[in-house]
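Residue numbers (my numbering), protein chains in the order written: chain A, 344 to 817; chain B, 344 to 817.
In short, the hints are calculated from the structure, not lab data. Please note that a few of the clues may not be correct.
If chains are identical, the list can't say which one is meant, so a pair holds when it fits in one copy or spans any two.
Said to hold, decoys possible - Calculated cross-link-like contacts (lysine-lysine; reagent style DSS-like; alpha-carbon spacing at most 30 Å):
(1) Lys569 / Lys370
(2) Lys728 / Lys468
(3) Lys714 / Lys446
(4) Lys523 / Lys405
(5) Lys728 / Lys768
(6) Lys425 / Lys468
Small disclaimer: the values here were computed from a predicted structure and weren't measured.
Chain residues, written in single-letter form:
There are 2 protein chains.
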Amino acid sequence: MPAAKRARILTPQAEDFPRWYQDVLNKAELADNGPVRGTMVIRPYGYGLWERMQAEMDGRIKRAGAENAYFPLLIPQSYITKESEHIEGFIPELAVVTHGGGKELEEALVVRPTSETVIGQYMAKWIQSYRDLPLLLNQWANVVRWEVRPRVFLRTTEFLWQEGHTAHATREAAAAYAAKILHEVYADFMVNVLAIPLHVGIKPPNDRFAGAINTLACEAMMRDGKALQMGTSHELGQNFAEAFGILYLDGDNNQQHVWTTSWGTSTRMVGGLIMAHGDDDGLRVPPALAHIQAVVIGVGDGGAVEDAARRLVADLGAHGVRVRLDDRSGVPLGRRITDWEVKGVPVRVEVGPRELADSEVTVVRRDTGEKQRVSLAAASAAIAKLMDRIQGDMLDAATEFRDSNTTDTTTLDEVVDAAATGFAKVPWRVVAGDDAEAVLVEQGVSVRCIQRANGTIPSNEDEPDLVAYCARSY
Amino acid sequence: MPAAKRARILTPQAEDFPRWYQDVLNKAELADNGPVRGTMVIRPYGYGLWERMQAEMDGRIKRAGAENAYFPLLIPQSYITKESEHIEGFIPELAVVTHGGGKELEEALVVRPTSETVIGQYMAKWIQSYRDLPLLLNQWANVVRWEVRPRVFLRTTEFLWQEGHTAHATREAAAAYAAKILHEVYADFMVNVLAIPLHVGIKPPNDRFAGAINTLACEAMMRDGKALQMGTSHELGQNFAEAFGILYLDGDNNQQHVWTTSWGTSTRMVGGLIMAHGDDDGLRVPPALAHIQAVVIGVGDGGAVEDAARRLVADLGAHGVRVRLDDRSGVPLGRRITDWEVKGVPVRVEVGPRELADSEVTVVRRDTGEKQRVSLAAASAAIAKLMDRIQGDMLDAATEFRDSNTTDTTTLDEVVDAAATGFAKVPWRVVAGDDAEAVLVEQGVSVRCIQRANGTIPSNEDEPDLVAYCARSY
Numbered sequence: 344m345p346a347a348k349r350a351r352i353l354t355p356q357a358e359d360f361p362r363w364y365q366d367v368l369n370k371a372e373l374a375d376n377g378p379v380r381g382t383m384v385i386r387p388y389g390y391g392l393w394e395r396m397q398a399e400m401d402g403r404i405k406r407a408g409a410e411n412a413y414f415p416l417l418i419p420q421s422y423i424t425k426e427s428e429h430i431e432g433f434i435p436e437l438a439v440v441t442h443g444g445g446k447e448l449e450e451a452l453v454v455r456p457t458s459e460t461v462i463g464q465y466m467a468k469w470i471q472s473y474r475d476l477p478l479l480l481n482q483w484a485n486v487v488r489w490e491v492r493p494r495v496f497l498r499t500t501e502f503l504w505q506e507g508h509t510a511h512a513t514r515e516a517a518a519a520y521a522a523k524i525l526h527e528v529y530a531d532f533m534v535n536v537l538a539i540p541l542h543v544g545i546k547p548p549n550d551r552f553a554g555a556i557n558t559l560a561c562e563a564m565m566r567d568g569k570a571l572q573m574g575t576s577h578e579l580g581q582n583f584a585e586a587f588g589i590l591y592l593d594g595d596n597n598q599q600h601v602w603t604t605s606w607g608t609s610t611r612m613v614g615g616l617i618m619a620h621g622d623d624d625g626l627r628v629p630p631a632l633a634h635i636q637a638v639v640i641g642v643g644d645g646g647a648v649e650d651a652a653r654r655l656v657a658d659l660g661a662h663g664v665r666v667r668l669d670d671r672s673g674v675p676l677g678r679r680i681t682d683w684e685v686k687g688v689p690v691r692v693e694v695g696p697r698e699l700a701d702s703e704v705t706v707v708r709r710d711t712g713e714k715q716r717v718s719l720a721a722a723s724a725a726i727a728k729l730m731d732r733i734q735g736d737m738l739d740a741a742t743e744f745r746d747s748n749t750t751d752t753t754t755l756d757e758v759v760d761a762a763a764t765g766f767a768k769v770p771w772r773v774v775a776g777d778d779a780e781a782v783l784v785e786q787g788v789s790v791r792c793i794q795r796a797n798g799t800i801p802s803n804e805d806e807p808d809l810v811a812y813c814a815r816s817y
Numbered sequence: 344m345p346a347a348k349r350a351r352i353l354t355p356q357a358e359d360f361p362r363w364y365q366d367v368l369n370k371a372e373l374a375d376n377g378p379v380r381g382t383m384v385i386r387p388y389g390y391g392l393w394e395r396m397q398a399e400m401d402g403r404i405k406r407a408g409a410e411n412a413y414f415p416l417l418i419p420q421s422y423i424t425k426e427s428e429h430i431e432g433f434i435p436e437l438a439v440v441t442h443g444g445g446k447e448l449e450e451a452l453v454v455r456p457t458s459e460t461v462i463g464q465y466m467a468k469w470i471q472s473y474r475d476l477p478l479l480l481n482q483w484a485n486v487v488r489w490e491v492r493p494r495v496f497l498r499t500t501e502f503l504w505q506e507g508h509t510a511h512a513t514r515e516a517a518a519a520y521a522a523k524i525l526h527e528v529y530a531d532f533m534v535n536v537l538a539i540p541l542h543v544g545i546k547p548p549n550d551r552f553a554g555a556i557n558t559l560a561c562e563a564m565m566r567d568g569k570a571l572q573m574g575t576s577h578e579l580g581q582n583f584a585e586a587f588g589i590l591y592l593d594g595d596n597n598q599q600h601v602w603t604t605s606w607g608t609s610t611r612m613v614g615g616l617i618m619a620h621g622d623d624d625g626l627r628v629p630p631a632l633a634h635i636q637a638v639v640i641g642v643g644d645g646g647a648v649e650d651a652a653r654r655l656v657a658d659l660g661a662h663g664v665r666v667r668l669d670d671r672s673g674v675p676l677g678r679r680i681t682d683w684e685v686k687g688v689p690v691r692v693e694v695g696p697r698e699l700a701d702s703e704v705t706v707v708r709r710d711t712g713e714k715q716r717v718s719l720a721a722a723s724a725a726i727a728k729l730m731d732r733i734q735g736d737m738l739d740a741a742t743e744f745r746d747s748n749t750t751d752t753t754t755l756d757e758v759v760d761a762a763a764t765g766f767a768k769v770p771w772r773v774v775a776g777d778d779a780e781a782v783l784v785e786q787g788v789s790v791r792c793i794q795r796a797n798g799t800i801p802s803n804e805d806e807p808d809l810v811a812y813c814a815r816s817y
């Protein structure tokens, strides 16, 4: 282990948080800007994080009963205009294909910004009777929304996401499924895998998805005190069913419109992961997510060190640890350590001649920096167990950070003050209505979500005694 | 089990193979046509097949050392024109975005038809020295190529695929990696998971990928005797390295252009699966691929049947079988059986009162139609074992079909005759050159691949004693 402090490679968070974020993207080799403004290239280490997010989310989506399918990227412009609120929400964001196969097209095509319209068309074809309901679909896809102020992972012209689309016989069934997705898929994944604590609630009416009658959201606090919307689940009422004629024959042989939902999470979660857990040394990845949970570094030359390192890697793999060997003997040790720290690998194991002489290795936690010597024989079991402890500690630390940066407030002025550095918790009635909203907007603050006093999700914003979380946001 | 033969729901293959194919797509609920001509909607059962293909391929790609990444969908038109052969090959197939964010764009954007150009740009940025080589990348993505004569899964305007892109220090290293992918990823997957026998070889010069110096291909026979190209792996020489300035500093401190490869397989493989294994009752899915390997059907009403069926499903799951329960008591038994036959689920298990009285179940193989009674206690272990037997038998049957529809030929006339119903095997010199090619083209026949006499891949088409397979093709 190098005695001297390694050179600073990132702008400190306290000095310039946006620059710190950019530095992490570059130094951890997560992503690059794409050639077209607002697009991004996701590099292998960043894509590895996204693949693990996909795998964990996909299992939960399937357990919630939804099946994956795939709908086309290119949507006739006429589809988008069928639901009036939807088109108003999306017109400024569309990318339009006017030429194909060397000719000008008769009807322009829109690159999907989301797929309610095209999926609505096929739901109308596939659903005949109540026996076909619920119809529970999901797709993993790319979407394009023209971004005026892009930022990699957080707001990009093209992003990767999953979008769920379901149809139900009743409003109640649709509402229950939208809530099930928010709780059992999104919140369960974000809290237990990403180790990011959430506030779940509904969005104020003016912040709903275009065409929704209710939008449920997961909101998380980043380490600059701003909020990030991590995922949303929408009740679409019968708006799309009416626009696309999605009808079913009920038990009494009457034609009824279905009730639909849609719900999405995206590569934005990678941005959330970086900003919720990162520190001045780089990313910190929670073990449950990490595609590389531990890295084994051979310190110094010599066959004994190399052999021991290789054996340990094999043994860690056998203990279910996702492990990588760093055998870059030509690269200085300090540089190798910095590389893995900035990438946020949860545990670093150093195997050196001094440790080996004692039949030990040095185990270093990325989240706390804590070092310990562990006997070589017991190392794999100890490290496998350590993963659970780190996972729990990271969630605790993030929860503690969020709660200590949240202020109970009772007036608009207090909300604005508190939101300068964190979240303001306030009775919903204080920030409801056009006048209050105008004050918040002017200060760059918004209502992130509305909850019941016990933290559960209200059915609408007119319930009594609701609480709102307000913050600046990404 | 119904004694009477169930109603025919598909056009027989012998009567009209293309209509049979369409019927399978519809009845097995694999895919629909999309709203834009040439696009497709992949329905959950079809997407389930694709997900399994992705999982099996992705593991092999990673074991071959490549890492996944993601590059943007929208490519500046100027990129595409940098490599002259590449642009000539792709211009008639491009979809062009001219408007974004409500404005006409200064430079039109191309929806990626493939990503050599954009990935080349980033390789140039990321590669500095020989230490950065080889750079082994893969991405799972959608691409768009305007199709004049579309057919679902086989030729679609948008399709899903993986595209690998690698950079190497030498021509030999690049050639070796292109061959490694063809053998260890593509052929291994297609033969051992899809149970589809292949001929691997090189393409004739006039059928290479646009910009390639050598194209390796996997060719399979469909049940109408036509060939389907299942995957290709290209040596791109230094063409893209020169166009995009992909340079590295070698061990002697000299700047060198890298040697690149690209390789791809797509949702076209789903079409190949259907046409290589399907019969007049529908799809037949090999067990190693199937996302539903066995379906358990409760025959008749009654709690005992239902309980036994549920217990069997749990037990099969515990034996590692991917199993589904069909408990649609409102649907006639014949219809339920037909549904699973047309979907090609490898094994159907019927649990009825008669069987239960003997503590047995009826196990039916989809590939052969063979039925047997099996003791309930031993059923799961027997069915798990049966999967391997079916997998082997399906590969044997497909190989036997291919070989019995392949004719050894020595003249152009014989080639054309043989290709009317299957493959013609012929000395390469007989079909090499412009004159021979003109004859073949006129007859709708092409050289599918060129091999050495022992079935291995030649380094180029000028080696002596090469053999060509010729056929009509998709």
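Quick rundown of the hints versus the structure:
no., hint, verdict
1, Lys569 / Lys370, "within (23 Å within a copy, 51 Å between copies)"
2, Lys728 / Lys468, "neither (51 Å within a copy, 40 Å between copies)"
3, Lys714 / Lys446, "neither (65 Å within a copy, 56 Å between copies)"
4, Lys523 / Lys405, "within (12 Å within a copy, 35 Å between copies)"
5, Lys728 / Lys768, "neither (37 Å within a copy, 60 Å between copies)"
6, Lys425 / Lys468, "within (17 Å within a copy, 44 Å between copies)"
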